[in-house]
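In the order they appear, the protein sequences are chains A and B. Following my numbering, the numbering of the first sequence begins with 5 at its first residue and continues without gaps. Following my numbering, the numbering of the second sequence begins with 5 at its first residue and continues without gaps.
Careful: at least some of the hints might be erroneous.
Since the list gives no way to pick one copy over another, a pair counts as held whenever it fits inside one copy or between any two copies.
As a list, the in silico BS3-like pairs of lysine-lysine whose alpha-carbon atoms are at most 30 Å apart [what the hints assert, rightly or not]:
id, residue 1, residue 2
1, Lys274, Lys45
2, Lys323, Lys333
3, Lys323, Lys64
4, Lys64, Lys333
5, Lys143, Lys130
6, Lys64, Lys316
7, Lys279, Lys169
Simulated from the structure, these hints should not be mistaken for laboratory data.
Number of protein chains: 2
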Amino acid sequence: MKVAKHGGNIYEAAMERGIAIEEILDFSANINPLGIPNSLKEALIQNIHSIERYPDPDYKALVGAIAAYHGVNEQWITVGNGATEIIFALAASLNSKNSLILAPTFAEYERALLKAGSEVHYYYLKEDNDFQIDEGFKKMLNPEIDLVVLCNPNNPTGQFLNRQKMMEILQQCRVFGIRLVVDEAFMDFVEAGEEESMIACMEEYNHLYVIRALTKFFSIPGLRLGYAVASNENILRRIRDNREPWSINSLAALAGEVVLKDQAYIRETKDWLHKEKNKFYEELNAIEGIKAYKPEANYIFFSYNKDERCLKEALLTKKILIRSCGNYKNLTNRFYRIAIKDRSSNEKLIEALKEVIYES
Amino acid sequence: MKVAKHGGNIYEAAMERGIAIEEILDFSANINPLGIPNSLKEALIQNIHSIERYPDPDYKALVGAIAAYHGVNEQWITVGNGATEIIFALAASLNSKNSLILAPTFAEYERALLKAGSEVHYYYLKEDNDFQIDEGFKKMLNPEIDLVVLCNPNNPTGQFLNRQKMMEILQQCRVFGIRLVVDEAFMDFVEAGEEESMIACMEEYNHLYVIRALTKFFSIPGLRLGYAVASNENILRRIRDNREPWSINSLAALAGEVVLKDQAYIRETKDWLHKEKNKFYEELNAIEGIKAYKPEANYIFFSYNKDERCLKEALLTKKILIRSCGNYKNLTNRFYRIAIKDRSSNEKLIEALKEVIYES
Chain A
5 MKVAKHGGNI YEAAMERGIA IEEILDFSAN INPLGIPNSL KEALIQNIHS
55 IERYPDPDYK ALVGAIAAYH GVNEQWITVG NGATEIIFAL AASLNSKNSL
105 ILAPTFAEYE RALLKAGSEV HYYYLKEDND FQIDEGFKKM LNPEIDLVVL
155 CNPNNPTGQF LNRQKMMEIL QQCRVFGIRL VVDEAFMDFV EAGEEESMIA
205 CMEEYNHLYV IRALTKFFSI PGLRLGYAVA SNENILRRIR DNREPWSINS
255 LAALAGEVVL KDQAYIRETK DWLHKEKNKF YEELNAIEGI KAYKPEANYI
305 FFSYNKDERC LKEALLTKKI LIRSCGNYKN LTNRFYRIAI KDRSSNEKLI
355 EALKEVIYES
Chain B
5 MKVAKHGGNI YEAAMERGIA IEEILDFSAN INPLGIPNSL KEALIQNIHS
55 IERYPDPDYK ALVGAIAAYH GVNEQWITVG NGATEIIFAL AASLNSKNSL
105 ILAPTFAEYE RALLKAGSEV HYYYLKEDND FQIDEGFKKM LNPEIDLVVL
155 CNPNNPTGQF LNRQKMMEIL QQCRVFGIRL VVDEAFMDFV EAGEEESMIA
205 CMEEYNHLYV IRALTKFFSI PGLRLGYAVA SNENILRRIR DNREPWSINS
255 LAALAGEVVL KDQAYIRETK DWLHKEKNKF YEELNAIEGI KAYKPEANYI
305 FFSYNKDERC LKEALLTKKI LIRSCGNYKN LTNRFYRIAI KDRSSNEKLI
355 EALKEVIYES
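Isolated chain A, as found in the complex (with noise of 0.2 Å):
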């Protein structure tokens, strides 16, 4: 099993070519243009010396924040070490025998369910049905898989199913004794998000597991910090007997208790992702040759079909980094994947595409 190739190696990019990540436009992380909260960035200094100190190892000022911010109980909260570690220790503690995961979908649930020994099966999403989970997905609902796991919205792609959705398929895999899981890693940015997030559905369905990120929200993912919520107290209490102790570091778990509470912060992001979405959508759209994806969440999935050029090495030359989604199982060289970011930023990648399309 080789390390999946994630978007965000700006390292390798920069040092291949010699220049400076601090040149580099990056396009290919998925981060919060508006950059660490004010309010994190003065707790941050103001507690530097907590690094002195363990971390608690049952981080219970943490759970209770993350609990308090969705109104559950803390006992259906796990943290982990960004939302990779809760996706490993949940595949470890599920123990799948046959899990069913979407083509293209995040690299790591597929990494992770093979290390815990599950035979991994795929639902091959459609470019001519737009990427969209349809009817057929259901059709490969059967007593021989015991797990779903779901990116919503999905990454890279984009596609995103509202809770009206997600509860039938909820329900079919109830039916058919196979949890679920379902990674909300981008919800925070999705419009109505927490109206449409499966945490509220947790009390009645103790087959549903629910991942959860703040560091593309909160722009720290350089700080790691995820979550996972579930009613079913026996697999979150494995998780937490399997865990190595200490795995989130003590700024980061200050980190989980000043954001959520910074609804100046949360406010903001909301309005420049509302302002900036379809703007951008609809410039990038109306390059020759590039079919956009209608975004959810704060990235654009688009292909490019007008020639066989590699958009991302044409705007690596002028210091663009954009996620080339060639190593996706299910997508060719021809999709990318891109951040949306603040307007100026934004305006000079669509400028620089114009540039490498219209004036080769």
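Given the coordinates of chain A, assemble chain B onto it according to the supplied hints.
Structure of chain B alone, referenced to chain A:
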């Protein structure tokens, strides 16, 4: 498998007694009392925005700094989210059937080996031999055993094997095809630590694995940073291929780059410990009923034999926390471990112990 109870649980102690963490004088976690190096504090504050980016998945700068510090190949280093992640990753990758560890020793070896499916055998250290590894240990090495994990100096007993003695074990392990893991988490505190470290023997022995941690010496347990050094690149590759991406947060990676260059801090720490170690040990040993074991690193192991009292409970009424060793295999509630702190704190503990023991 239940989560081990560790020494540093100041959170639980504070909560149970309704006192603030800051009010507790904590001797239960073996952290350098000099606190985080100023060089690191400045670097963290200056680079706080680095958390807005994902860490380098290959941690090239960090690995380079560690390799330079030890004068070994970069290919021989792999880094982890604290030494704990390294312990679990090594156990998973070495794929042991029958492993041998000390009793008592650091609890995570057993957890990691059991999780990896190994049967764990124990070499019981004997109180009447001052918990030293003696010739009986070598008699336990045989072709049935495929992995030995030694903590040097051992935690919690503090007993130390110099390089010559460790070499004898390493040689004998080679005869039987046994891999040897040496956890040198506290080696930086040993007076001639670099001369006694097994890292220098790496080139000739590819069945040797050394674990190191930067968290204790540089007072950053909240940041989480450890690493392994080994010349067996196959095993290191297996660890890297199996690891979760970005497990080390950006600030921990930065810390590793900064602190290993801080010669002033390293010297200051060695000066403090040189002055404090024997004085504290002798003061402790002079108290009726206490038998302290001569320390090699920054902590002291002792037994209390005068009566049945729990010194931990008694000291907590004075807001002092020490580590009771009753939950270590092969130890009872008569045994304790304390960190060596600054003079004034050490004096407070000695005074408090005298009050508890003499004035009751």
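Evaluation of the provided hints:
no.	hint	in the structure
1	Lys274 / Lys45	within (20 Å within a copy, 34 Å between copies)
2	Lys323 / Lys333	within (27 Å within a copy, 58 Å between copies)
3	Lys323 / Lys64	between (43 Å within a copy, 21 Å between copies)
4	Lys64 / Lys333	between (39 Å within a copy, 28 Å between copies)
5	Lys143 / Lys130	within (15 Å within a copy, 64 Å between copies)
6	Lys64 / Lys316	between (44 Å within a copy, 23 Å between copies)
7	Lys279 / Lys169	within (27 Å within a copy, 69 Å between copies)
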